[in-house]
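Take the sequences, apply the hints, and build the full model.
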Amino acid sequence: MDTPSVLSHRLRQQYPQKHNHYRFSEFFQFNGSEGTIADWNGSRNVFTSEDFIIGLLEGLEEEVGAASAAVMYSIGLEWGKQDSLFFHQWFEREFSVSPQQASLMFLLETWWWPFTAQGWGRWEIDMADRKQGFMFINLFDSAVARTLGDVGKPVCYLYAGLYAGFFTEMVRKQLSCIEIQCYSMGETYCKFLLGAKDRIDAAAFWLNEGATAADIENRLRSEEQR
Amino acid sequence: MLSQLQPLVREVDGRYATDTELMFLQNYLQTARQRFSAYHKNQAAEVDIIRLVKQKLNATEPHLLRRGKVDLSAKWQRDTIRVLRYCAHALLVADEESLGERFLLWFQSIMRSFKAQHSCDLTYKVMQDVVRHYLTPEEAELFCPILVQARLLLGQ
Chain A
1 MDTPSVLSHR LRQQYPQKHN HYRFSEFFQF NGSEGTIADW NGSRNVFTSE
51 DFIIGLLEGL EEEVGAASAA VMYSIGLEWG KQDSLFFHQW FEREFSVSPQ
101 QASLMFLLET WWWPFTAQGW GRWEIDMADR KQGFMFINLF DSAVARTLGD
151 VGKPVCYLYA GLYAGFFTEM VRKQLSCIEI QCYSMGETYC KFLLGAKDRI
201 DAAAFWLNEG ATAADIENRL RSEEQR
Chain B
227 MLSQLQPLVR EVDGRYATDT ELMFLQNYLQ TARQRFSAYH KNQAAEVDII
277 RLVKQKLNAT EPHLLRRGKV DLSAKWQRDT IRVLRYCAHA LLVADEESLG
327 ERFLLWFQSI MRSFKAQHSC DLTYKVMQDV VRHYLTPEEA ELFCPILVQA
377 RLLLGQ
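Chains A and B are the protein sequences, given in the same order. 1 is the number of the first residue of the first sequence in the numbering used here; add one for each residue after it. 227 is the number of the first residue of the second sequence in the numbering used here; add one for each residue after it.
There could be a bad hint or two in this list.
Dumping the calculated BS3-like pairs for lysine-lysine here, alpha-carbon to alpha-carbon at most 25 Å [stated by the list, open to error]:
1. K341/B to K295/B
2. K341/B to K131/A
3. K131/A to K295/B
4. K341/B to K18/A
5. K197/A to K153/A
6. K301/B to K280/B
7. K341/B to K282/B
8. K280/B to K295/B
9. K18/A to K301/B
The hints are simulated quantities; they were obtained by calculation from the structure and are not laboratory data. Just so you know, these numbers come straight off a predicted model, no measurement behind them.
Pasting the structure below:
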C-alpha cells in the first residue's frame, strides 16, 4: 500500500524526464538507514508477503464476517479517491501537462503503471461502451486472487473499490464497480464492471442469480440497443 | 550481458568462477567488436535510417502516419528514434533480455493507448531492411533480432 509523502527519489531527481522508470531497481528506492522504501513518485511503500494478504483478509472476515467484502471495497474506494489526487500531481509534474489535456487512454495507462510495478498486476481497459456509461477492466495477476487461489467466489473487492474511487474522482461523477469474473473462481483473469450505481446493483443481482461475466456483458449491451 | 554481470559478482564470492559461469562473458567478448561497430554505425546513420524508413512507409501506406487531418509524422519520428536508441543500446551491452522490462513493455502500453500497433508493426519490419544497408551481415545478425523483438511487442 502507499500513502503520499514527501520522500524524494534520487533517480527521479537526476532524470526527471524519464518516463519508462518501472523496473524494480529504478522504481523503488531503498533507504536503508531509515528502513523505508520510496517509489519514483515519492510514495512510501511497504512490501508484504502473501501470508500478510491472507492474514489481513481472514482476520477481517473473522472480525466482521460477510461485511469484510464491503470493508475492503470501502478501503479501496478511499484509496482510489486519494490516489486520483496524488496522480494528478505527479502526472502534471512528470509530463508538464494537466490530466485534462492528455489523451484519456495514455492517462489511464500512466495511472496504472506504478500499480503494475508494485505487483498489483497488469490491466486492460475496454472502453467500447464508455458512451453508454459503463466500461470493463480486465486485470491479470491480481495480487489478492493469486494469493487466495481458487476459492470459488470473487475476492478482489479492494480493486473494485480502487477503480470506483479513482474514476469517481476523475470524472467527478459517483461511480461504482463490481468484479464480475475472478481468478479465484477458476477463471484465467479478473474482470470488473464500472458504471453508475443502479447499473452495478443490477449486475450484482444478476451475478447472485448465477449469471456469468459474458451474460452480464450481453445483457448490458442488448439493453443499450433497445 | 550486463544483467548477468551482477549475479556473477554476487555468486562468485571468495572462489574462482567456473567456465560455465564465464560463458556469457566469453560470448560477449567474441561479438564485442561487432557490437561496438554496429552501435557507432547506427549512431552515425540514425537520421538517414529514420528518413528511409519513413519514405518506405509512405510508399507502402501513404496514410499510415495520418489520423484524419492530423499529421502524426513528428510524433512517429520521436517515438521511432527512441526505440532505435534503446535497441542500439541493448545491442551494445548485449542486454536483449532486459530491453522488454526496461522499455518495451512500458512503451507497448503507450503505443496501444494511441492505437499505434499497426504503424509499429510496419515500422520495425521495414527498419530491419533499412539497417542492413548500413551494417555488415554479421552486425545485422546481432541487431535485427532486437528489432524483431521490438516489432513483436509494439506491433500487437
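Verification of the supplied hints:
Only pairs whose Cα atoms come within 25 Å are accepted, and K341/B paired with K295/B is accepted, the gap being roughly 16 Å. For the proposed pair K341/B and K131/A, the alpha carbon gap of about 19 Å is at most 25 Å, so the pair holds. With a CA separation close to 24 Å, the supplied pair K131/A and K295/B stays within the 25 Å bound. Between K341/B and K18/A the CA atoms are separated by roughly 22 Å; this keeps the pair inside 25 Å, and the hint holds.
Using a Cα cut-off of 25 Å, the hinted pair K197/A and K153/A holds, with the two alpha carbons roughly 21 Å apart. The straight-line distance between the Cα atoms of K301/B and K280/B is roughly 12 Å, inside the 25 Å bound, and the hint therefore holds. For a cut-off of 25 Å, the pair hint linking K341/B to K282/B stands: about 21 Å separates their Cα positions. Straight-line distance between C-alpha atoms of K280/B and K295/B comes to about 18 Å, which keeps the hinted pair within the 25 Å bound.
For the given pair, K18/A sits about 17 Å from K301/B by alpha-carbon distance, which is consistent with the 25 Å threshold.
Checked against the numbered hints above, the structure violates none of them.
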